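K.L.:
So the chains spell out like this:
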Amino acid sequence: MSSESTEPVTMLSTPIRLDYDFTAGLSQSKTLAGYAQGKFIGQRCPKCKKVYVPSGGSCPTDGVATDEIVELANTGTVTTYCVVNVPFAGQSIEIPYICAQILLDGANISFMGLIQEIPTDEVRMGLRVEAVWVPEEELTPNLSSVKYFRPTGEPDADYETYKEYL
Amino acid sequence: MSAPKPVVGTRPVAVAAFAQSPSLRRVDQANEVEMLMPVISEVFAKAKMTKDDIDFICSGSTDYLIGGPFSFVMALDAIGVWPPKAESHVEMDAAWALYEAWVQLQEGHIDTALVYGFGKSSLGDLSRVLAMQLDPYTMGPLWPDQISLAALQARALLDRGLSSEVEFAEIAARSRKDALKNPNAQVRNEIPVAELLEEDYLVEPLRRHTVPPISDAAAAIILVAGDRAYDVVDRPAWITGIDHRIETHAFGARDLATSPSTAKAAEVAGVGRGPVDVAELLAPFAPQEVIVRQAIGLGEETTINPSGGPLAANPLMAGGLIRIGEAAARIWDGSSTRAVAHASQGPLLQQNLVCVLEGES
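Respectively, the protein sequence lines represent chains A and B.
At position 22 of the first sequence (counting the first as 1) the number is 21 in numbering that gives the first Met the number 0, and the numbers step up by one without a gap.
At position 200 of the second sequence (counting the first as 1) the number is 199 in numbering that gives the first Met the number 0, and the numbers step up by one without a gap.
One or more of the hints may lead you astray.
In the SDA-like style, the derived pairs of lysine to any residue whose C-alpha atoms are separated by at most 25 Å in a straight line are [said to hold, decoys possible]:
(1) K50(B) <-> Q115(A)
(2) K4(B) <-> G273(B)
(3) K46(A) <-> G273(B)
Far from chain A, some chain B residues (derived; all Cβ distances over 12 Å) [unchecked claim]:
(4) S1
(5) N30
(6) V80
(7) G107
(8) S121
(9) V128
(10) L141
(11) P182
(12) D199
It is worth saying that the hints were derived from the structure and are not from the lab.
Just so you know, these numbers come straight off a predicted model, no measurement behind them.
Quick reminder that beta carbons are idealized off the backbone N, C-alpha and C, glycines included.
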């Protein structure tokens, strides 16, 4: 660098990268192991009896260990959803697609899933859906084992059955 | 019985119950919530309380250890804050969470507080993680590792003739030996000083034994104001003084061989108003103990780190709270009448907290 470079520094780029080993913990490990078997595994609070999927290990309401293992159904209800029309960096699914909160039957907390095999303008709150899993040999201990959810064809769920989960 | 009159603040507040998980090199079965839950249960059991008896909750932790956002919110699941409670968090060692709770208790609207801290230092490359606390323009981008920085501080001490490598080894040997009596400590052994001095340097002048272990652990304390403390413990550990001070983050502007922030905090907390029989110091590197002892003004009459201290177990974000808990435990069991707990935060003793605990004599 020449000694003539006396321009003031106005901007500085300092790349940062940190790597971590994630610890799923005892409870989440059970849910993750369930994905590898094509099953949704939740845990029940011994006090309020709510079923969390996944469970972080503790009931957020009662602060006690959720130690009862519950295998949940493959079916659930769309509680709310959005149609994604906006492209963004790293997008892996062709737009438009539907991202929904799904309340699995038997669970007391919803989680996010992809809805397919239905036109985007026909998705709705209360829509009954079922999980479509990847082929058995492709199952892994994470949510990518669930390809997507698709309509079951059942009548829509009554609003009263999922109004607490919005 | 009555509480000693506080030097700082007006309302007597006591450390009434304390629990900690064993410090381990790696807690790989449990996540943070699962590591914290047994500690919270234990501290409630010791205080004969439930979450319903707690008026305020404050925690200390940092997302940089877990590598994910809002880990303190997740940690609340370990308590179950329903119905909702007044709650706060500091991105600092939980000793500072205790300070915040103590301030709340001084205001007089509440009588009890739960304070907890947790950290799993094992999840990332700790030296890189700790580099993130340096100034982001001139120091951080160099990614200096924490041992090399501590070596600068050790060198400053040696150059000034204020300590020696033998003293560093004596501090480590004493810490590890005392840790044999502490089931929660991690590095517990009895190795002669001469043998420690045969170790190779990690970064000169620091040998392995002068460097704290990497630890995963959680700790919790329940503070109680006024006479209610006697419902929990026969001889409460009253906080008669507490203060914390900070120095610049620019190393070049600091005299690394001294700790004026510790000295100021100790002065305001009233350490010098009476003899100190026990001190629990969070000076993680052995040379730092020399600096902190000098800054607080501790002499031969004070037993330093009977728990083994941070050279035996160094869980970040919980370690300072553990110092307060260990010092309080010495008051409860009658082995101390006036104890000092110290916590440190930031690189090379940048920020320091000093807490004086007293039991009725």
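K.L.:
Is it true that the CA of K46(A) sits at most 25 Å from the CA of G273(B)?
P.N.:
violated, 50 Å
K.L.:
Sort out whether Q115(A) lies within 25 Å of K50(B), counting only the CA atoms.
P.N.:
violated, 45 Å
K.L.:
Confirm or reject the statement that V128(B) sits farther than 12 Å, beta carbon to beta carbon, from all of chain A.
P.N.:
violated, 6 Å
K.L.:
Grab the minimum beta-carbon distance between V80(B) and chain A and tell me whether it stays above 12 Å.
P.N.:
violated, 8 Å
K.L.:
Examine each Cβ of chain A, and state whether all of them lie more than 12 Å from the Cβ of D199(B).
P.N.:
Given that every Cβ of chain A is farther than 12 Å from that of D199(B), nearest at about 28 Å, it holds.
K.L.:
Would you check whether the claim that L141(B) is not at the interface survives, using Cβ distances to chain A and the 12 Å cut-off?
P.N.:
violated, 10 Å
K.L.:
For the pair supplied as a hint, K4(B) and G273(B), is the alpha-carbon distance within the 25 Å limit?
P.N.:
holds, 13 Å
K.L.:
Is the Cβ of S1(B) farther than 12 Å from every Cβ of chain A?
P.N.:
holds, 35 Å
K.L.:
Please check whether the beta-carbon of P182(B) is more than 12 Å away from every beta-carbon in chain A.
P.N.:
holds, 22 Å
K.L.:
Taking the shortest Cβ-to-Cβ distance between S121(B) and chain A, state whether it exceeds 12 Å.
P.N.:
violated, 8 Å
K.L.:
Find the nearest Cβ of chain A to the Cβ of G107(B) and say whether that gap is larger than 12 Å.
P.N.:
About 27 Å separates G107(B) from the closest Cβ of chain A, which puts it past 12 Å; holds.
K.L.:
Could you check that no beta carbon of chain A comes within 12 Å of the beta carbon of N30(B)?
P.N.:
violated, 3 Å
Hint compliance for this structure: hints 1, 3, 5, 6, 8, 9, 10 are not met, and every other hint is.
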